[in-house]
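Visitor: Construct the complete structure from the given sequences, taking the supplied hints into account.
Going down the list, the protein sequences come from chains F and S.
Numbered per the numbering used here, the first sequence spans residues 43 to 365.
Numbered per the numbering used here, the second sequence spans residues 2 to 357.
Any given hint could be a false lead.
As the list claims (entries may be wrong) - Below are the DMTMM-like pairs computed for lysine to aspartate or glutamate, each with C-alpha atoms no more than 20 angstroms apart in a straight line:
1) K349(S) - E118(F)
2) K200(F) - D110(F)
3) K119(F) - D348(S)
4) K265(F) - D244(F)
5) K349(S) - E103(F)
6) K115(F) - D348(S)
7) K349(S) - D112(F)
8) K255(F) - D347(F)
Claimed, not checked - Computed, partial: chain S to chain F, Cβ under 10 angstroms:
9) L19
10) L83
11) V186
12) E188
13) L193
These are calculated hints, taken from the structure and not from any lab test.
All values reported here derive from a predicted model rather than from experimental measurement.
Ideal Cβ placement from N, Cα and C applies to all residues, glycine included.
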Amino acid sequence: MRKVAPIIRIQNLTKKFGNVAAVDHLNLDIEDGEIIGLLGPNGAGKSTTILMLATVIKPTEGTACVGDYDIRKQPEKVRGMLGIAFQEPKMLFVSTPWDVVNWHAKVCGLPTGERKRRVKEVLNTVDMWDARKKNVHALSGGMRKRVEMAKVLIQRPKIAIVDEPTAQIDIVGKHKIWNMLYELRDEGSTIILATNELYEADRLSDRVGIMHKGKLLVCDTPKKLKDSIVGGDIVDVQLEKAPPVGVVEELKGLKEVVDVLQLKPLSLRLYLNRVEEVVPRIMSLFVKHNAPILSFRMSEPSLDDVFAHYTGLTIEEAQRDKE
Amino acid sequence: MTPLTNKLFLVIERDVRLFFQYRFMIIMRAIWFVSQIVLFGLIASRMISIPTQTLTTGTTYLQPNQTYVFDINVTSDLNSILVNASSAQGHGDVQVYFPNGTLAGGGHFDSTAGNYSLEFGFNTPDVGLWSVKIVSADAADNYSLTAYSLLDYFRYYVAGLSIMTLYSAAIFIGFDLYEEAEHGVFEYLLSLPVSRRQLVLGRSIGGGLRAFIYVGPLIAVSLYVIGSLNPVAFLISLFALFLFAFGISGMSITLAVIIKSSDRFDILMGVLDALIVRLSTAMYPLAVLQASSPLYAGLATLNPLTYVTDLFRWGTAVTPLDNPLLPVLVVVAFFGFFTFVGVTIYDKRIEGGGWQ
Numbered sequence: 043m044r045k046v047a048p049i050i051r052i053q054n055l056t057k058k059f060g061n062v063a064a065v066d067h068l069n070l071d072i073e074d075g076e077i078i079g080l081l082g083p084n085g086a087g088k089s090t091t092i093l094m095l096a097t098v099i100k101p102t103e104g105t106a107c108v109g110d111y112d113i114r115k116q117p118e119k120v121r122g123m124l125g126i127a128f129q130e131p132k133m134l135f136v137s138t139p140w141d142v143v144n145w146h147a148k149v150c151g152l153p154t155g156e157r158k159r160r161v162k163e164v165l166n167t168v169d170m171w172d173a174r175k176k177n178v179h180a181l182s183g184g185m186r187k188r189v190e191m192a193k194v195l196i197q198r199p200k201i202a203i204v205d206e207p208t209a210q211i212d213i214v215g216k217h218k219i220w221n222m223l224y225e226l227r228d229e230g231s232t233i234i235l236a237t238n239e240l241y242e243a244d245r246l247s248d249r250v251g252i253m254h255k256g257k258l259l260v261c262d263t264p265k266k267l268k269d270s271i272v273g274g275d276i277v278d279v280q281l282e283k284a285p286p287v288g289v290v291e292e293l294k295g296l297k298e299v300v301d302v303l304q305l306k307p308l309s310l311r312l313y314l315n316r317v318e319e320v321v322p323r324i325m326s327l328f329v330k331h332n333a334p335i336l337s338f339r340m341s342e343p344s345l346d347d348v349f350a351h352y353t354g355l356t357i358e359e360a361q362r363d364k365e
Numbered sequence: 002m003t004p005l006t007n008k009l010f011l012v013i014e015r016d017v018r019l020f021f022q023y024r025f026m027i028i029m030r031a032i033w034f035v036s037q038i039v040l041f042g043l044i045a046s047r048m049i050s051i052p053t054q055t056l057t058t059g060t061t062y063l064q065p066n067q068t069y070v071f072d073i074n075v076t077s078d079l080n081s082i083l084v085n086a087s088s089a090q091g092h093g094d095v096q097v098y099f100p101n102g103t104l105a106g107g108g109h110f111d112s113t114a115g116n117y118s119l120e121f122g123f124n125t126p127d128v129g130l131w132s133v134k135i136v137s138a139d140a141a142d143n144y145s146l147t148a149y150s151l152l153d154y155f156r157y158y159v160a161g162l163s164i165m166t167l168y169s170a171a172i173f174i175g176f177d178l179y180e181e182a183e184h185g186v187f188e189y190l191l192s193l194p195v196s197r198r199q200l201v202l203g204r205s206i207g208g209g210l211r212a213f214i215y216v217g218p219l220i221a222v223s224l225y226v227i228g229s230l231n232p233v234a235f236l237i238s239l240f241a242l243f244l245f246a247f248g249i250s251g252m253s254i255t256l257a258v259i260i261k262s263s264d265r266f267d268i269l270m271g272v273l274d275a276l277i278v279r280l281s282t283a284m285y286p287l288a289v290l291q292a293s294s295p296l297y298a299g300l301a302t303l304n305p306l307t308y309v310t311d312l313f314r315w316g317t318a319v320t321p322l323d324n325p326l327l328p329v330l331v332v333v334a335f336f337g338f339f340t341f342v343g344v345t346i347y348d349k350r351i352e353g354g355g356w357q
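Guide: Below you can see the structure in the form of structure tokens.
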């Protein structure tokens with residue numbers, strides 16, 4: 043099967059502010075139609091990467107190709123393919139949500155008829171139609187975020203970049219924005235999601251790139267990232283009676299199982315890989331040894347564990363470290 | 002409209018709308034403008050008597066109680082005349098007549114006592130063939146007379162004030178740039194599918210246009226106060242004002258991008274305002290600058306504000322202008338430099354994050 047060229051190819055992208063490398067030799071291919079999450083604490087280099095891709099700031103070294111266009115050589119063409127929802131909502135002037143979205147749509151070249159229809163549609167989608175005539179400075183943080191998202195939704199760019207789209211937004215609002223991003227992807231956009239929220243990255247992203255101190259440490263599907271932690275999956279088994287002799291050794295004999303601990307007389311904890319593949323064999327083993335199970339609880343590593351695995355810090359610790 | 006010009010217009014529209022959000026500033030500036038007219042303009046005009054143009058001059062030998070007439074062809078409204086008259090004997094009378102032959106004013110001079118200057122002001126300014134008569138005293142003698150038109154400083158100042166206000170409104174866009182950089186709006190604008198050139202050209206035009214729109218009603222007030230208009234010249238001066246406002250706006254953007262610190266920009270704008278406005282004919286005539294210091298006058302002749310103000314005064318028939326082409330060319334050159342050269346500087350500084 044012929045491999046399709048990535049829609050974004052980032053090569054050695056570097057941005058230095060003085061002696062500090064905000065982004066340090068970043069290499070990444072982004073496939074057409076995927077949602078790629080850039081996960082990292084504040085100051086990891088996510089926003090700087092985004093600004094370079096959007097040709098807002100110039101790389102110190104390296105480059106990136108967006109579609110067929112080089113960000114250094116054809117910045118205008120690149121900007122024509124991108125739409126950005128910034129971390130901090132960028133309101134144009136003391137104005138209304140309707141003005142902000144309508145002006146953005148005009149700049150992005152939407153024909154008049156379609157624009158009028160879409161402004162209403164998008165403001166309805168983000169639940170801002172009723173507040174469309176309010177002064178933007180009178181809006182709550184969540185409402186302003188939704189207006190910022192509306193700009194990307196109305197633009198329907200080939201590549202949508204969303205920077206911390208749900209920061210400071212309540213859980214209901216988060217779900218709304220996540221659904222919007224899914225819809226945008228379903229309409230054909232590739233989405234770059236910069237976030238420091240682990241659950242958001244895990245839930246939305248086809249692939250997650252973990253960034254720390256300007257470097258991209260790893261990039262893969264959330265599942266593969268989690269599986270990359272040896273013994274990262276955990277199974278807690280509560281038995282009716284003490285485990286028969288030999289069960290622990292047989293469990294340790296399974297190639298996915300990294301370690302088995304007997305925490306209490308009737309409970310075992312298994313550290314293993316690819317838990318979903320090995321669970322049937324574990325169950326069979328207990329049945330074979332006539333060891334009835336009272337409870338069986340599986341947990342897989344979170345992206346926080348993945349982050350900690352690659353950086354030696356939890357994301358909160360990394361955040362504090364930066365501050 | 003092509004998509005390119007459409008985007009340019011959108012950038013212009015944004016800046017114009019942005020400016021008119023500053024309602025408090027606009028109202029305060031309008032109050033400032035009117036206050037300057039009704040306070041400073043009216044008061045200062047009582048203090049200033051400046052001859053601007055020699056209307057006629059000559060010497061004649063008169064027998065006792067004889068009259069000699071000096072004709073003056075006046076092409077723009079004459080509000081006041083200053084007559085200097087003298088003779089060896091020292092005494093005589095001066096009479097000034099309107100074009101219709103009615104007496105506008107008269108007085109006695111006594112040059113031996115140092116009283117040889119007579120000033121006449123008219124409530125009904127007029128154009129046409131005016132006349133100044135010198136009437137000898139009771140002895141034959143050589144009588145000399147020179148008549149000057151006097152500057153109507155109030156009208157002069159009101160015209161200059163309009164241009165000063167246009168200047169300060171056009172310069173304002175540089176402050177917007179800092180505001181936008183501070184709030185991240187600059188990043189948003191730079192991420193849009195709009196070329197840098199469209200962006201800076203649009204902002205330069207937008208900055209100029211909004212200043213022009215803002216000053217429009219104030220110019221209307223000025224016209225009412227000045228009370229005269231030379232239609233063709235006024236249209237030419239409006240065109241020059243347009244270009245001047247764009248040029249100032251382009252200059253403001255260029256400096257804002259180069260300086261990058263809002264505090265420094267603020268200070269520089271204050272200094273520039275002092276230098277550009279004071280070293281121009283916005284507030285006082287070139288002859289007065291020349292009398293104060295030839296250096297001041299020399300600098301004022303290099304100042305585009307001088308030329309645009311002179312054009313506006315010509316358009317409003319406040320002062321004549323011998324050659325309007327020169328000031329128009331200066332304003333066009335100023336506009337060209339700061340709009341198109343400014344675009345290039347902006348382009349280089351901004352593209353890729355130089356603004357940070």
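Visitor: With reference to the structure, classify each hint as holding or not holding.
Guide: Status of the hints after comparison with the structure:
A hinted pair counts as satisfied when its Cα atoms are at most 20 angstroms apart, and K349(S) with E118(F) qualifies at roughly 14 angstroms. Taken as a hint, the K200(F) and D110(F) pair is honoured in the structure, with Cα atoms around 13 angstroms apart against an allowance of 20 angstroms. For the hint pairing K119(F) with D348(S), the CA-to-CA distance comes to about 16 angstroms; that is within 20 angstroms, so the pair holds. Distance check on the hinted pair: K265(F) and D244(F) sit about 9 angstroms apart at the alpha-carbon level, within 20 angstroms; holds.
For the hint linking K349(S) to E103(F), the alpha-carbon distance of about 18 angstroms falls within 20 angstroms, and the restraint holds. About 14 angstroms separates the Cα atoms of K115(F) and D348(S), which keeps this hinted pair within 20 angstroms; it holds. Distance restraint check for K349(S) and D112(F): the Cα-Cα separation of roughly 18 angstroms lies within the 20 angstroms cut-off, and the hinted pair is therefore satisfied. The hinted pair formed by K255(F) and D347(F) meets the criterion: a straight-line CA distance of about 18 angstroms does not exceed 20 angstroms.
Hint status for L19(S): holds, given a least beta-carbon distance of 4 angstroms to chain F, under 10 angstroms. Checking L83(S) against chain F by beta carbon gives a least distance of about 53 angstroms; that is not within 10 angstroms, so the hint is violated. Below 10 angstroms, beta-carbon pairs count as interface contacts, and V186(S) has one with chain F at about 5 angstroms; its hint therefore holds. For E188(S), the interface hint holds, the least distance from its beta-carbon to any beta-carbon of chain F being 5 angstroms, beneath 10 angstroms.
Hint status for L193(S) relative to chain F: holds, with the closest Cβ pair at about 5 angstroms, below 10 angstroms.
Hint check: a violation occurs at hint 10 only; the rest are consistent with the structure.
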